[in-house]
Amino acid sequence: MNYYGTASLIMDGTAVFILAGMLIYTSLYRRRGTIADKVFFALILADIIAAVSDGIVSVSDVFGISLGSALHPVIYSVFFLAIDAFSFLFCVYQMYRMKWEKGRISKMIPILCIPELILVILLFVCVFTGNLYNLYTGVITLGNISVSAYYFLSIAPMIICGVFTVCVSFKQSRQILIPISLLIIVHICLTVASVSNVTPLFLSIYLMFAHLLIMRDSFYGEAVG
Amino acid sequence: MMNMIQVTEENLDEFRDLIPEDIAENLSRQPYHCIALEAGDSDPSAALVWEFKYLNDVTKPTLSRLSWLHARDNEAGSDIFSEYGAIVKEVETRKSLVLMPEDDAAGVTDVLRDVGFDLKKAEGENLIVTVGMLSELDIIKKGKVPDYLSPLESLMARSFRRGLMNCIFHTKREKLEDLSCLPMEWFEPELSCSVQMDDKITGMLLVHKCSSGRLRVEFMSATGPDAKKDLLHMVRFSILQAVSNYPEDTEVIIPRRDESSRKLAGYFFPDRKGVSCVFGERTESE
Amino acid sequence: MIMFDDIFVTLTFDLVAILIILGLCMTPKNPDEKNNPGTRIFMGMGICVIAGAVLDIISGSRLFGDNLFPIICLSTLGEITVIGFMFFLLLYTDYSFFRSRDHLRRHFAAYLAPFAFIAVIVIINAFAGILYTPVDDQVVTPTVLYYAVGIIEDLYLFIPAAYFLMCYVKYGNRKFFHPLSICIPILCGVVLSIVTPFSVQFLGFATGLAFLVFSRIDSWRFIDVKTGFYNRAYLEYVLKMIADKKGSFKGMIIADIEGDHIAFSRVLKEELPSGSEVVVPDKGRFVYLADSGNMTELDALASLIGLGAEEHDEDHPDKILFRDAVCSSFKDDEAIQAAIRTLKLRINSGSETGREQI
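Chains as they are written, first to last, in the working numbering: chain A, 1 to 225; chain W, 1001 to 1286; chain D, 2001 to 2358.
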């Protein structure tokens, strides 16, 4: 039995469940039309795309269906792009939720774009040239350094997100800092352990945490009197 | 010279011979009205008692239900109905209904037909049984009264009011028009009872003792999650109380205002039918 | 480092389940729910999931090697946590539909009995081996008691779902509560645990609880956290509900006060029928939406509220200063919709409370 594929499939299914739940139960907020709500919706979409693309790969692994040499890189690209987009949007979402001034946000966005763009470039180099990463052997060869690009491309966006969260949350709210940091550490450890592809599920859990924390703040903020 | 008189509690004594005591005692209640026709020689020639239904409810058309009619002759009957017609039209009554026991309606069916009622025989909505018959029911032989059931006499007036409002607002069934206004004293404290859940009264069984000594179930409702069980507990309690405190031949009137009360009465007394009545309707306004 | 082993996959699932439950601890607490059994039952479910996942991780990690007694103990405790979760789920179903402490109390023994029976049997089995008869050192055969316990366990796994469905059919959909949202992940977790070599049930349980929290929070968007009644956004929801023919009201009581609105909310909870829909659009105004259009009944209720407020002011320093209660009844849906729109206009043109509009 293909344990990796089956476990990834179950993880992706769980992620889609959780995301669908959040889509249903946050419909009222999305209709409000504030930028933060739109960014949250985009985060959910990005994670669904990541889960579905990973799910397709898992299905092909479990049932031995070949995706073909053309489709395989495309699906992988979609998956990693979705994670990069998630990482970027999550940082933007935090900025809007913490009610930063527009000027400050506009200064921060280009700074955040730089590492994300580097990752996107690396991704396309990996996928389409195979120079850095061979999809079938999974190894980067840069001189004497052998690093698995797969892990790097999965973890790096979350490291960016994590560093941003730590820096921002340390001042604003340690309550956000502790659970998000814990999640990111566990996510990295499990990805490295390569038990299954846990990334889409963990992204959905980040969103769940964010949703609960934001709801807690707005719940008390909207009281009468 | 004819004189139309509004009969109220204050002048009721003059008309006690015309109106049965069980109906006369209702004149202290808001929905009930009575007019009498005096024909110069001081003996009233007609008396009419009716009850408005849904008068204060804009979601339903107002109805008038005749409780009692006495008319010496057709002319007196016609005169009193003219006055009645004017009164009910003022409050935009849609229809008038009559459902009287055949014995009570014996002398006035012609009057009713003359004034426009389309009469036919029907089974009365009230089921009349005796305390002796209640003592033979199986329900009192098994089961015990739970500790969350309390007789009315143990309740404070405020708790009674709150509990009554809770039951009224949770009951979609037909109920007395002025139930929310009836004082606690209207109900028999020993026979009436309530059930509590989470410190709120969720069910009540209220019994009134009429002037004639008959017992009448005015309200029976349970609204909690165990409504059916609570209802049976309350019925058991009231029957046990009635059996211990009243003679066997005491009559008990069980109104069957809707389908669920008909089913419940049918469950306990499957072979018993309501009194044979005369039923009729008349349209008052569109 | 690659681990293609079902145990490591199971450990991952259990770890994720624990993280989800820990995350759910951040759920905002509705002050109205502080002392209510639903919150404590929910915590019980969360504790069962965490305990079960931890036990699963410990047993999977093989810390005790081939030592039989700890393995049996862990397995026994693991079974108890799963059955315990189902027991709490049954309690939660009861409380969610009936919202009654007394009803829960009266049926508690019936809910507990099968769970207690199984728990006692599996605990005794850990010490006395009553569920299996050893044939030799390697083989055991299950006893009749094992099958009996198995049947009760299976029933206990599916009875909460069946009870949900029964309540759903009998009592209708409770507002904001979607029982399917908790049942589907739980059933999927149980089924996947049976058909795959992985222990997925705790992940299923945790996902079900997450859905439950989402739906609860979703309902709180209409709750005024200070009074526990509905906030002004609920009026919009009511208009939508009436337009969609999903519910309606026939009467309304608008009570105006000048003093302590939190104290008045407590008086209303005492005086009004249970489960009343009361909207608090601003500090001085409370709107009760009634199913009855009978003015006599509404007037009687309004006078009860007035009496309650007066009694409170006599006994407490924080005065309510009850001004007025106006009753209205409505002929049809259009009339009530017009009345609510008029009320909204009056509220919006009145004093602002600085609240974000939903």
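In case anyone wonders, no lab produced these hints; they're calculated from the structure.
Built from N, CA and C at the ideal position, the CB exists for glycine as well.
Hints may contain errors.
[Said to hold, decoys possible] Under 10 Å between C-beta atoms, here's a sample of chain D residues computed to sit facing chain W: (1) 2060; (2) 2061; (3) 2062; (4) 2108; (5) 2153; (6) 2275; (7) 2300; (8) 2301; (9) 2308; (10) 2312; (11) 2313; (12) 2314; (13) 2318; (14) 2319; (15) 2337.
[Claimed, not checked] Derived PhoX-like pairs: lysine-lysine, alpha-carbon spacing no greater than 20 Å straight-line: (16) D:2170 <-> W:1200; (17) W:1121 <-> W:1229; (18) W:1229 <-> W:1120; (19) D:2283 <-> D:2319; (20) D:2319 <-> D:2240; (21) W:1228 <-> W:1209; (22) W:1172 <-> D:2245; (23) D:2283 <-> W:1060; (24) W:1172 <-> D:2344; (25) D:2331 <-> D:2226; (26) W:1200 <-> W:1141; (27) D:2331 <-> W:1095; (28) W:1175 <-> W:1121; (29) W:1172 <-> W:1089; (30) D:2283 <-> W:1172; (31) W:1053 <-> D:2226; (32) W:1228 <-> D:2170; (33) D:2246 <-> W:1172; (34) W:1273 <-> W:1263; (35) W:1060 <-> W:1144; (36) W:1144 <-> W:1228; (37) W:1229 <-> D:2170; (38) D:2170 <-> D:2226; (39) W:1229 <-> W:1142; (40) A:102 <-> A:38.
Going through the hints against the structure:
{"no.": "1", "hint": "2060", "result": "violated, 42 Å"}
{"no.": "2", "hint": "2061", "result": "violated, 45 Å"}
{"no.": "3", "hint": "2062", "result": "violated, 48 Å"}
{"no.": "4", "hint": "2108", "result": "violated, 14 Å"}
{"no.": "5", "hint": "2153", "result": "violated, 27 Å"}
{"no.": "6", "hint": "2275", "result": "holds, 8 Å"}
{"no.": "7", "hint": "2300", "result": "holds, 4 Å"}
{"no.": "8", "hint": "2301", "result": "holds, 5 Å"}
{"no.": "9", "hint": "2308", "result": "holds, 8 Å"}
{"no.": "10", "hint": "2312", "result": "violated, 12 Å"}
{"no.": "11", "hint": "2313", "result": "violated, 15 Å"}
{"no.": "12", "hint": "2314", "result": "violated, 13 Å"}
{"no.": "13", "hint": "2318", "result": "violated, 21 Å"}
{"no.": "14", "hint": "2319", "result": "violated, 20 Å"}
{"no.": "15", "hint": "2337", "result": "violated, 15 Å"}
{"no.": "16", "hint": "D:2170 <-> W:1200", "result": "violated, 23 Å"}
{"no.": "17", "hint": "W:1121 <-> W:1229", "result": "violated, 36 Å"}
{"no.": "18", "hint": "W:1229 <-> W:1120", "result": "violated, 38 Å"}
{"no.": "19", "hint": "D:2283 <-> D:2319", "result": "holds, 14 Å"}
{"no.": "20", "hint": "D:2319 <-> D:2240", "result": "violated, 36 Å"}
{"no.": "21", "hint": "W:1228 <-> W:1209", "result": "violated, 25 Å"}
{"no.": "22", "hint": "W:1172 <-> D:2245", "result": "holds, 19 Å"}
{"no.": "23", "hint": "D:2283 <-> W:1060", "result": "violated, 34 Å"}
{"no.": "24", "hint": "W:1172 <-> D:2344", "result": "violated, 29 Å"}
{"no.": "25", "hint": "D:2331 <-> D:2226", "result": "violated, 33 Å"}
{"no.": "26", "hint": "W:1200 <-> W:1141", "result": "violated, 29 Å"}
{"no.": "27", "hint": "D:2331 <-> W:1095", "result": "holds, 18 Å"}
{"no.": "28", "hint": "W:1175 <-> W:1121", "result": "violated, 24 Å"}
{"no.": "29", "hint": "W:1172 <-> W:1089", "result": "violated, 28 Å"}
{"no.": "30", "hint": "D:2283 <-> W:1172", "result": "violated, 32 Å"}
{"no.": "31", "hint": "W:1053 <-> D:2226", "result": "violated, 41 Å"}
{"no.": "32", "hint": "W:1228 <-> D:2170", "result": "holds, 14 Å"}
{"no.": "33", "hint": "D:2246 <-> W:1172", "result": "holds, 18 Å"}
{"no.": "34", "hint": "W:1273 <-> W:1263", "result": "holds, 12 Å"}
{"no.": "35", "hint": "W:1060 <-> W:1144", "result": "violated, 41 Å"}
{"no.": "36", "hint": "W:1144 <-> W:1228", "result": "holds, 15 Å"}
{"no.": "37", "hint": "W:1229 <-> D:2170", "result": "holds, 16 Å"}
{"no.": "38", "hint": "D:2170 <-> D:2226", "result": "violated, 33 Å"}
{"no.": "39", "hint": "W:1229 <-> W:1142", "result": "holds, 13 Å"}
{"no.": "40", "hint": "A:102 <-> A:38", "result": "holds, 16 Å"}
The structure is inconsistent with the numbered hints 1, 2, 3, 4, 5, 10, 11, 12, 13, 14, 15, 16, 17, 18, 20, 21, 23, 24, 25, 26, 28, 29, 30, 31, 35 and 38, although it conforms to all the rest.
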